[in-house]
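> Here is what each chain is made of, one letter per residue.
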Amino acid sequence: MKKIAIGGGQGFWGDSPDAAIHMIRNADIQYMGCDYLAELTLSIMAKQQLKDPSKGFAPDFQTRILKEAGKEAWQKNIRICTNAGGMNVTGCVDGIKNWAEGEDMKGYKIGYVLGDNIKDKIPQLLADGWTFPNFDYDGNFEDIVDKIYNCNVYIGHEGIEGCLEQGADVVITGRAADSALFLAPLKYEFGWAADDWDNLARGIMVGHMLECGGQGAGGNFMYDWRSVPRMDELGFPIAEVTEDTLEVTKAPDCGGLISEQSVKEQFLYEVHDPANYWTPDVDVDISQATITQVGDNRVRVGGIKGKKRPDTLKLCVGYHKGWKTVSMLSFAWPDAYEKAQYCAEVIMKKMQRRGMKADDIHISYIGLNSLHLGVADMSEEALKNLNECVLRIAVFSEDKSECAKIIPEISPLQLNGPPGASFFGGRSHVQEVMALWPTTVPRDVVQVESRILTV
Amino acid sequence: MAEIYLNDIAHGRSGDKGDTSNVCVYARKPEYYKIIEREVTPEKLKAYFGDMVKGEITRYDVPSLGGFNFVMKHALGGGATMSLRLDSLGKSMGSAVMRMKIHVEDGEL
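Protein sequences, first through last, are from chains A and B.
Once you know that position 331 of the first sequence is 331 in our numbering, the rest is easy, because the numbers rise by one and skip nothing.
Take the position in the second sequence, starting the count at 1, then add 1000; the result is the number in our numbering.
Warning: the hint list may mix true and false statements.
Listed next, with one range per pair, are the computed distances between beta-carbon atoms [claimed, not checked]: (1) B/I1004 x A/P229: 21 to 31 Å; (2) B/K1101 x A/E338: 23 to 33 Å; (3) A/N385 x B/Y1005: 19 to 29 Å; (4) A/K349 x B/D1061: 47 to 57 Å; (5) A/P53 x B/K1029: 49 to 59 Å; (6) B/E1105 x A/K350: 47 to 57 Å; (7) A/K350 x B/D1008: 39 to 49 Å.
It is worth saying that the hints were derived from the structure and are not from the lab.
Just so it is clear, CB atoms sit at the ideal spot from N, CA and C, and this is done for glycine as well.
Let the sequences and hints guide you as you build the complete structure.
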């Protein structure tokens, strides 16, 4: 029976390349998917591209993975699909072309997918009466139109499959949905029909379990992190798919853990309604799914169903929202929290006198409640012998100069405040705050193109 | 009757989409599923988080996996891009849920 093995090579932009390289060298896989794009990544890339038009993608795919093991992947006929193209797919392709020429890889086929960036189409859509309703908040899209950095549609598998059909050895996309990077090769290999919703849903869930890299193989594992072998050599997950079965495993000779619990933790990660997990390709139903250990570092996943894909596509708009500063001061025993708290009061009084107009201020204490906030243990017992505590003050303002007012007020408190205040990490800087406007667009707005460049 | 941390009988993971946080909660043993079903209702979780989660909380039950998915709206102080929180992605929302205290009857564990 035909079996396709596909590996997850990256979980985000900035992830370690080690597992992907190990997988190419040691695992029997035919495909690899490398996800680089989180929700905000495209806005960051768009901003980089504004400053330097040659930027706007994840160069790490070429400089850290292909450079090390890309030629070997090609020789072994392991085809790689990635959304590393970000805002600048052709820029990413150029970098790969230069590398492949340098490696003397004549005949290497670089596929790429265009069409997810619809910024130029926004005025026409507005004129046509499309209102871009925000999923999360009330608000009028017209108010943010002139502050937009990027407008990218989450596109499905079609463009990637188109490149694979034309023989691509590597496929570069922009904002393809993470899971589409994995569905496309499976649909292509098994010849699934465009409305074979159950199988498309299986392909999407393969992607879902693999697109976060190590998190699908024992990373970020709450059940029993101490039981995960060799996190310093953590392997990433591999899915083995046949017409009837779906199993998750990992490469030989690496760390990590594939167990019922480790796969389960990833399975519902960032899912909302398990009976309706919407993707551009299919509405996935995992409300009856099963996950069973069937061997050492091997689980079987079943019961995945699919329903007709949604009529609209998700559009992510990144726009300029304002500015923020984050300031910190550390304090030690005794009374670390009390001193930090008093210091916060002092700073706030000074800022009031300076007339700082903040739209939002968030004060927390690292080592005490900066992560669990309102549910942290603030009992007398917890505070009594606190060894140390770091005051953290974050200020947001739509006006950059208002945010900046707090910056020079922090370090003087080493000499002018409660005892032992220590300033570290240098003066803080005003950082831009970008926001997302999650919405939808009609499917027919997007025209996806699959192109091939042969080295 | 005893008071325990949810963490004693459950495990899971938190994720983010915009300002929405989801936490999946699985029973560490199959027999604990019923306890979680009874003790960790959306209402109780909402009361537990108070001002930290500003929007509604929905629970989706997935008995075939022995777990639940909690979806919490307006839970991340604006979400990854805008949040002023140290943990803007809510990576520790999972352990915050596990820190909730629940009641178990004698003989249930």
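> Of all the hints given earlier, name the ones this structure violates by number, lowest first.
Violated: none.
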